[in-house]
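> Top line first, the protein sequences correspond to chains A and B.
Residue 72 is where the first sequence starts when you use the working numbering, and the numbers rise one by one after that.
Residue 3 is where the second sequence starts when you use the working numbering, and the numbers rise one by one after that.
These are calculated hints, taken from the structure and not from any lab test.
One should not assume that every hint holds.
Quick look at which bits of chain B chain A covers, simulated, 3 or more residues with Cβ under 8 Å [as the list claims (entries may be wrong)]:
#, segment
1, 186 to 196
2, 272 to 278
Now the in silico label distances, taken between C-beta atoms and shown as ranges [stated by the list, open to error]:
#, chain 1, residue 1, chain 2, residue 2, range
3, A, 152, B, 106, 24 to 30 Å
4, B, 22, A, 134, 46 to 52 Å
5, A, 313, B, 164, 49 to 55 Å
6, A, 136, B, 167, 23 to 29 Å
7, A, 223, B, 29, 22 to 28 Å
8, A, 223, B, 26, 45 to 51 Å
9, B, 167, A, 192, 34 to 40 Å
10, B, 117, A, 265, 44 to 50 Å
11, A, 221, B, 26, 39 to 45 Å
12, A, 152, B, 89, 32 to 38 Å
Not the full set, but computed from the structure, chain A residues with beta-carbon under 10 Å of chain B [said to hold, decoys possible]:
#, residue
13, 126
14, 144
15, 146
16, 157
17, 163
18, 171
19, 172
20, 173
21, 185
Treat the numbers as computed from the prediction; the structure is a model and nothing was measured.
Backbone N, C-alpha and C define an ideal beta-carbon position, used for all residues, glycine too.
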Amino acid sequence: MVKPVTVKLGVSDLTIRYGRHTALEGVTLEVHEHEIFGIIGPSNAGKTSFLKAINRMDLFDSAMHVQGQITFNGIDTSKVRNIYGLRRRIGVVFPLPVGLPLSVYDNVALAPRLAGRKTRADLDIIVERCLRRAALWDEVKDRLDALGSMLSGGQQQRLTIARALSQEPELLMLDEFSIAVDPVTTMRIEDCLKELKKEVTIILVTNLVQQARRLADRTAFFLAGSCVEIGVTEDLFSGAVKDQRTRDYVDGRFG
Amino acid sequence: MFAATRLNRRNQRIQKLSRLVLGGMTGLLILPVIIILSVLVYKGGPIISFEFLFTSPTHGMTAGGIFPALLGTILLVLVALLASVPLGIAAAIYLSEYAPDNWTTRAINLAIINLAGVPSIVHALFGLGAFVIFFKFGTSIIAASLTLAIMTLPVVIVASRESLQAVPRAFREACWNMGATRWQTIRRVVLPNAVTGMLTGVILEVSRTAGETAPIMFTGAAFFLPLLPQSVFDQTMALSLHLFVVSTQVPGMPEQLPYGVALVLISIVLIMNSSSIALRMYLRGKKKW
Chain A
72 MVKPVTVKLG
82 VSDLTIRYGR
92 HTALEGVTLE
102 VHEHEIFGII
112 GPSNAGKTSF
122 LKAINRMDLF
132 DSAMHVQGQI
142 TFNGIDTSKV
152 RNIYGLRRRI
162 GVVFPLPVGL
172 PLSVYDNVAL
182 APRLAGRKTR
192 ADLDIIVERC
202 LRRAALWDEV
212 KDRLDALGSM
222 LSGGQQQRLT
232 IARALSQEPE
242 LLMLDEFSIA
252 VDPVTTMRIE
262 DCLKELKKEV
272 TIILVTNLVQ
282 QARRLADRTA
292 FFLAGSCVEI
302 GVTEDLFSGA
312 VKDQRTRDYV
322 DGRFG
Chain B
3 MFAATRLNRR
13 NQRIQKLSRL
23 VLGGMTGLLI
33 LPVIIILSVL
43 VYKGGPIISF
53 EFLFTSPTHG
63 MTAGGIFPAL
73 LGTILLVLVA
83 LLASVPLGIA
93 AAIYLSEYAP
103 DNWTTRAINL
113 AIINLAGVPS
123 IVHALFGLGA
133 FVIFFKFGTS
143 IIAASLTLAI
153 MTLPVVIVAS
163 RESLQAVPRA
173 FREACWNMGA
183 TRWQTIRRVV
193 LPNAVTGMLT
203 GVILEVSRTA
213 GETAPIMFTG
223 AAFFLPLLPQ
233 SVFDQTMALS
243 LHLFVVSTQV
253 PGMPEQLPYG
263 VALVLISIVL
273 IMNSSSIALR
283 MYLRGKKKW
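Could you build all of it, start to finish, from the sequences and the hints given here?
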């Protein structure tokens with residue numbers, strides 16, 4: 072482990088409030104390029120709010136107030152004027168698959184089209200590549216014109232991953248992607264993520280502690296709006312933790 | 003094991019009773035509709051003919067057809083639709099997709115609801131003042147249609163906004179997360195899924211204007227015209243006003259004529275409504291989520 076790390080995403084003293092309610096307080100962390108950064112923690116820990124702040128989704132939610140600094144590629148996101156360009160570089164996958172009411176093809180082609188890529192040949196290549204990377208191509212290649220929402224739950228979730236990849240993001244954020252997915256599909260997606268790591272940086276929010284252990288290079292433990300611990304994943308699980316609460320959580324004693 | 007206790011029996015009795023009462027109320031509700039329709043068909047049906055629909059009134063309106071009024075009503079509703087639909091849909095898109103949730107928006111929403119409650123005679127006087135006199139349209143189809151359009155705007159806005167709100171927010175968020183602007187999201191995801199509901203809802207609401215009398219009386223509908231209107235700046239006859247005239251204003255009117263006019267008027271509304279409902283049912287079958 073001698074290769075130098077590049078900081079992809081820097082978060083310092085991030086606080087997120089909804090009205091009077093504080094969802095996240097004083098979080099400082101760094102996500103390195105080409106790593107899978109796991110975030111574990113019980114529900115209501117502020118994990119999803121954290122992802123929303125990175126993507127500047129606070130602009131669409133008048134109740135959400137973000138303080139602190141987030142840098143993406145070293146640039147302060149609150150000073151980015153082209154937030155659409157920022158969001159295109161960040162792909163998001165939600166807990167429940169959101170199959171837009173479009174065909175499989177159009178679901179994946181939407182982001183390139185929004186970005187102005189129009190030729191059919193161009194789009195064909197992008198769609199196939201993204202569906203392959205999301206391990207869905209073989210199952211849907213014969214019915215690209217079928218509605219995305221007609222696919223099974225697991226397929227839809229892989230479709231949303233393909234859609235997120237079609238933006239050619241530098242950072243991929245997955246928010247508890249396996250909630251509505253069967254174990255076999257989950258494993259297939261996890262294999263995909265290990266492959267994807269070579270090309271993109273991944274933030275993996277999960278409430279499955281073992282999933283973080285399988286995938287994440289480093290992991291942060293969020294609890295009730297604060298970041299309790301950040302460390303190399305194996306350290307968190309081998310007991311080399313600073314905080315007793317982390318040990319209790321990864322051992323399944325609460326949460 | 004499944005023997006009914008006293009409490010079970012009592013609950014079942016109450017259940018039967020409430021079903022009977024509620025069902026009876028519903029029956030009572032549709033009774034007037036059935037009576038109105040059957041009386042109209044019985045009394046006005048015999049007069050309906052090709053001649054009645056497509057010729058002008060003669061003999062001081064006591065004979066002949068109703069073509070100028072029929073054409074006038076269709077024109078008035080169409081021009082009103084052309085004016086109110088783009089305006090109402092634009093406002094609905096703004097209110098649903100762009101407007102922040104603050105007191106200004108709430109005030110606008112309240113104003114729209116209140117506008118829907120303004121009596122039609124007040125709209126008529128507003129139309130007279132604004133379109134006939136201020137904009138110098140005179141009493142004309144355009145003035146009457148714009149008055150009708152103003153009157154239907156609130157329901158057009160509310161119906162369109164409801165269709166827009168029925169598109170799940172998750173679709174919008176997925177799109178925003180891809181870096182789409184609000185307009186791209188509306189254009190690509192929200193509108194394609196809302197537009198059918200919007201249009202059918204709007205037609206359903208606007209068809210009711212076919213029967214409005216007060217707003218067009220002062221602004222563009224005439225008692226009797228020997229000629230058909232040549233442009234939207236001419237006056238026109240209209241079925242609703244014609245019905246009022248032939249029922250109350252002309253002595254020696256054959257009894258079946260007003261019933262015939264009423265039957266035609268109600269048929270126009272029913273045809274528009276049922277085609278809109280049919281369209282909605284057809285599209286619901288093709289719904290994508």
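> Against each hint, give a clear statement of whether it holds in the structure.
Outcome of the hint check:
no.: 1; hint: 186 to 196; in the structure: holds (count 5)
no.: 2; hint: 272 to 278; in the structure: violated (count 0)
no.: 3; hint: A/152 / B/106: 24 to 30 Å; in the structure: 26 Å, holds
no.: 4; hint: B/22 / A/134: 46 to 52 Å; in the structure: 48 Å, holds
no.: 5; hint: A/313 / B/164: 49 to 55 Å; in the structure: 53 Å, holds
no.: 6; hint: A/136 / B/167: 23 to 29 Å; in the structure: 25 Å, holds
no.: 7; hint: A/223 / B/29: 22 to 28 Å; in the structure: 45 Å, violated
no.: 8; hint: A/223 / B/26: 45 to 51 Å; in the structure: 47 Å, holds
no.: 9; hint: B/167 / A/192: 34 to 40 Å; in the structure: 39 Å, holds
no.: 10; hint: B/117 / A/265: 44 to 50 Å; in the structure: 59 Å, violated
no.: 11; hint: A/221 / B/26: 39 to 45 Å; in the structure: 43 Å, holds
no.: 12; hint: A/152 / B/89: 32 to 38 Å; in the structure: 33 Å, holds
no.: 13; hint: 126; in the structure: 6 Å, holds
no.: 14; hint: 144; in the structure: 16 Å, violated
no.: 15; hint: 146; in the structure: 16 Å, violated
no.: 16; hint: 157; in the structure: 8 Å, holds
no.: 17; hint: 163; in the structure: 4 Å, holds
no.: 18; hint: 171; in the structure: 6 Å, holds
no.: 19; hint: 172; in the structure: 3 Å, holds
no.: 20; hint: 173; in the structure: 8 Å, holds
no.: 21; hint: 185; in the structure: 5 Å, holds
Checked against the numbered hints given earlier, the structure breaks hints 2, 7, 10, 14, 15 and satisfies all the rest.
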